[in-house]
Amino acid sequence: MANSTKLKSDALLELMKQHLTTDAGKQITKKIGLVYQINIAPKKIGFDEVTYVVDLKIGEVTKGSYEGGKPDATFSFKDDDFIKIATGKMNPQIAFMRGAMKVKGSLSAAQKFTPDIFPKPSKM
Amino acid sequence: MAMRELVTGGAACAVPGSSSSSSNPLGALANAIIGSSSKTQGSEFLSGFRSANQNGFADAWDEIQHQNQIPPHFDQFHGPRPAALPQPTLDGPPQRVLSSFLHSFVGSSHGSIPFRPTSLPLLGLSDGDKQCIRDRSSIMARHFFADKSEDFINAQVNALLSSLEIDSDARVKGPMPGRFPELEDYWNESQGMVRPGAPAVDGWITEYSQHRAAHGDPDAWAHSFEQQHGANGWASEFEKEQSQLTSIDQMRGVNIPNFEAMEQTRMLAHTLAQNNDPKFQNSKFLQFVSKMSRGELIIDDNQVKPVASGDWAAEYQQQYTGGPSWADEFAHNQAINPKWDFNDLLKLSHGPEQWVNEFSTEREQHGSADDQWVNEFSKLHVDDWAEEFGQQIGENSADNWANAYDEFMNEQVAAKQRSDASRGVYVFSDMNPYVGHPNPLKEGQELFRKGLLSEAVLALEAEVLKNPENAEGWRLLGIAHAENDDDQQLTCNKERISMQAIAAMMRAQEADPANLEVLLSLGVSHTNELEQAAALKYLYGWLHNHPKYGTLATPELSESLYYADVSRLFIEASQMFPEDADVHIVLGVLYNLSREYDKAIESFQTALKLRPHDYSLWNKLGATQANSVQSADAILAYQQALDLKPNYVRAWANMGISYANQGMYEESIRYYVRALAMNPKADNAWQYLRISLSSASRNDMLEACDSRNLDVLQKEFPL
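Chains W and P, in that order, give the protein sequences.
1 is the number of the first residue of the first sequence in full-length UniProt numbering; add one for each residue after it.
1 is the number of the first residue of the second sequence in full-length UniProt numbering; add one for each residue after it.
Keep in mind that a hint or two might mislead.
[What the hints assert, rightly or not] Straight-line distance between alpha carbons at most 30 Å, and here's what the computed BS3-like set of lysine-lysine pairs gives:
1) W/63 / P/537
2) W/26 / P/599
3) W/89 / P/130
4) W/57 / W/6
5) W/17 / P/537
[As the list claims (entries may be wrong)] Partial selection, computed: residues in chain W whose CB lies under 8 Å from chain P:
6) 6
7) 14
8) 18
9) 19
10) 23
11) 27
12) 50
13) 68
14) 116
15) 120
Read the hints as simulated data drawn from the structure, not as lab findings.
For glycine and all other residues, C-beta sits at the position ideal for the given N, C-alpha and C.
Extracted from the complex, chain W is given alone in its bound form (with noise of 0.2 Å):
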C-alpha cells in the first residue's frame, strides 16, 4: 500500500522523480541546473499546501521545503493548475497573469520553468 494522499500532481512528480533517473532526465537535469521549490495547495492558494522541491541541480524530487539555501524560484499552485501547466493544457505565462500560478525569486529561473521539464503521463 502506497500513499494514499489526494493530489493529482503526487502522481506526476512521482513520476518526475523517477524520469529524473532516466537519461533523458539527466539531460534536463544538465539543461536547467537550478531548484525549483513548489508548492500546491488541493483548492486554494496558501491553505494546505504540499511543498515540493524538484532539484534540478543533482536531479531529484523531494517532499517538503529546501534545505541547501533558497531556492531559485519558488512556485504556487492549485492541485489542477499545476497539472494543466506541467502537462502544456496550460502555459505557465497565462496562468501567472491569472493568478493561477505565484512566483517567488528570480524571472530567468522561473522562466525556465516550462511544460518541457515534465514527463508526461500515459493512458490507459
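Dock chain P against chain W, hints included.
Quick look at chain P alone, frame taken from chain W:
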C-alpha cells in the same frame, strides 16, 4: 430565429476560434449608436488622441465613423419585412452585404430556385466566421431543402460557399494563445517594484485584455450568452430590454457626463481590443481607455483623475448591462416598431413546430452553459414576459410559444438536476449526419469495429439522442472517445469541465448501474485523470456488482472506501478465480492508482496470458510501463496494441509520449502527428506535439502546430 442564428452563426462554444463581433449585427448597431453620440460629445475628447498619431486608434475611429453610416440593422429583425424576397444587396459595408446575401440564400428555399454563385465584394471574413458559416449553412440547407436530393443541397451550399470564398472543407482553426512579451513588466510588478497608481488594477486590466486577445471575445457572461443564443435572438433582446431597466437604476447617482465619457470609451476600448497584436493589447493607451471605460479614471476640469477602485464586479456589470445611449436607442426603436414581427421569423423556419424542435436541439447541444442562463432568466419575471409575448402574437402561436417555453424550462430543470447529480455533461456534436439514420447503433458498432472512431462517435451520438436510455450506446460511445483520445475539456461554462469519455460513461451507468464493463471503464478513466476517490468508487462497484465476487463486497464498506480494503478484496477475488482475466485487469488498474507499477505490470501480464488479443489490455500494460519510466518496454506493448487495432489513436499518442519521455523528440513528433491525423480533436496530443516541437528545436513548425495545419505537419514528419 434559431434558423437565423444557425445561418449567421451564433457561435457555439464548439467553435473556439470564431472571434469577431464584427459579424454581429448587434455589435454593428452598438457601434453605429456610439458613433453617432460620440460625434457630438466625444470628438473633443478623442481629437487629442488623434493628433498623437496613434495608428490603431485612427483606424478604429474611422471604423466607427464608417459603421455610423449603416442604417441600424434593427429593422431587419424588428421591423416589418417586405413581402417580396429580399434581393441581395451587393454594395455597402461588408456586414450588410453578408447579411443580405445570407438572406437571399434562405429565400431561395421558398421557391426551390437553384442558388447561383454571385461575385461579392471582399468581405474580410475571419477564419472563424468562415467556419461558422460553412458549418451552419450545411446543416441548415438540409432543413430548408428537406424535400430535395442531396445533390441539389450540396450544389446550393457550394454555391453559397464559393460566393463567399469559403473553402468547402478547409480546416479552419482559431489561433492558439501566444506568448506575451510584456511578461517582464508584470513580473517586476509582482515582485514588489510597485509603480505609482494601483498595480493590482493594472494587472487586472491587462489580464482582462489578454483574455480578450486570447479568446477573441470578451468573457462577460452577457456576451457569451449573446453569442450562444444568437445576437439577434429574442432572448437576447429581451435581456437587453431588462438590462435597460437595470442600468437606469445603476445610473442614479452616477455623474452623467462621466458616465457618457465612460460609455464612449467603453466602445472604443472594445473596438481596440479587437486588435490582436499583443503589443497593442498591452499599450498604455489601451489601458488608459479601458480605465476610462470602467470609470476608474474620470475627466474632471480637463484633468484625468483616478477613481478609487472599488468592487470591480460592479463596474463590470455597468459595463455590460448597456449604457444610456444604447438603452435610449432601444427604447426609440421599440417606439417605432412596437410589435416584433414574429410571423416573419416563423416563416423563415417552416412554422412553429420546426422552430420548437430546433430550439430544443439547440438546447441540448449547448447543454451545460445554461445553468447560469436559467438563473438569470428566472430572475427576470419570465411569466409576465410570456404573457406579454402571447398577446402580441395572437392566440394560436401563443400556445405554441407557451408550450415551447414550458418544455424548454423543464429541460433546463432536468438538465440542471442531471448535472448536479453527475459532474459530466455530455456535449453533442453540432453537425451529425447520422441523425435520422434507421439504426445508428448498428452503424456505430460497425464503424467502431472498423476502427473509424470519429465516425463511430457520431453514429453513437445519434443513437443515444434517439434512445437516451440505451446503456450500450452510451458505453460504446465512451469507449470510442477514450480510444480516440478525445480528451478535450469542454468549458462552455467556465466552472464545468467535463470529458466526453467520462460524461458518456456516466450516462451509461445511469442507464445501467450494474454494468461491469461500464464500471471498469469509469474506474480506468478516473485513474487516468488521477482522481483516486472516484476511481476507487467505481472499481469497488465493479466487485460489488460482479456475480462471482459480489459476496466479497460488504455493503458497509461502500460508504467510506479505503484503498487497502479494496485491494485486499481484489487480491482475494483473484485467488478465487485465477483464470478470470477481468479480475487481474481491475487489480492492475488498482495498482496504477496506488502507483505500485511493478505489481500492476504483473497483473496485466497475467491477464494478457489469458487474453492475448485484447488490444486495450496491451495499451494498459504499455501505459503502466511508461508511467514507471520503462518507456522502451512500453513501446513494445503499444506496438502489440496497434498490430491488433491500427486505428487506436490513444496508443499512437502514447507512443509519442514514450518517445518524448526518452528524449527522442523527433520520433515522438511523428507519432503525435500520426495520432492527430486520425483524430484532429485530440487536444492533449496537440499540446504534447507543441512541447516536442520546441524541445526538438523545430520552432519553424510551431506555427503549423498552432494553426493545426496537419497537411504541413504530415509532410514534414511522415511515419
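**Request:** Report holds or violated for the interface hint on residue 14 of chain W, using the least CB-CB distance to chain P and a cut-off of 8 Å.
**Result:** Holds, about 6 Å.
**Asked** Can we keep the residue 68 of chain W interface hint, with Cβ of chain P closer than 8 Å?
**Response** violated (23 Å)
**Message:** Does residue 50 of chain W hold up as a contact with chain P if the rule is Cβ-Cβ below 8 Å?
**Reply:** Violated - the Cβ of residue 50 of chain W stays beyond 8 Å from chain P, reaching only about 14 Å at its closest.
**Prompt:** Given the hint that residue 57 of chain W pairs with residue 6 of chain W, does the C-alpha gap stay at or below 30 Å?
**Reply:** holds (28 Å)
**Prompt:** Per the CB criterion, is residue 27 of chain W less than 8 Å away from chain P?
**Reply:** At about 6 Å, which falls below the 8 Å cut-off, the nearest Cβ of chain P leaves the hint on residue 27 of chain W intact, so it holds.
**Prompt:** Are residue 120 of chain W and chain P close enough, Cβ to Cβ, to be under 8 Å, as the hint says?
**Reply:** This hint holds: residue 120 of chain W lies near chain P, its Cβ roughly 5 Å from the closest one there, short of 8 Å.
**Asked** Within a Cα-Cα threshold of 30 Å, do residue 17 of chain W and residue 537 of chain P meet the stated pairing?
**Response** holds (28 Å)
**Asked** Do the alpha carbons of residue 89 of chain W and residue 130 of chain P lie within 30 Å of each other, as the hint requires?
**Response** Cα-Cα ~26 Å, so holds.
**Message:** Please check whether residue 19 of chain W passes as an interface residue: C-beta within 8 Å of a C-beta belonging to chain P.
**Reply:** Holds, about 6 Å.
**Item:** Pairwise hint evaluation, residue 599 of chain P against residue 26 of chain W, where the allowed Cα distance is 30 Å at most
**Value:** With a Cα-Cα distance of about 26 Å, the restraint between residue 26 of chain W and residue 599 of chain P holds, given a limit of 30 Å.
**Message:** Less than 8 Å between beta-carbons is the criterion; does residue 23 of chain W satisfy it with respect to chain P?
**Reply:** With Cβ-Cβ at 7 Å, under 8 Å, it holds.
**Prompt:** Taking 8 Å as the limit, does the beta-carbon of residue 6 of chain W come near enough to a beta-carbon in chain P?
**Reply:** Holds, about 6 Å.
When the structure is compared with the earlier hints, violations turn up for hints 12 and 13 and for no others.
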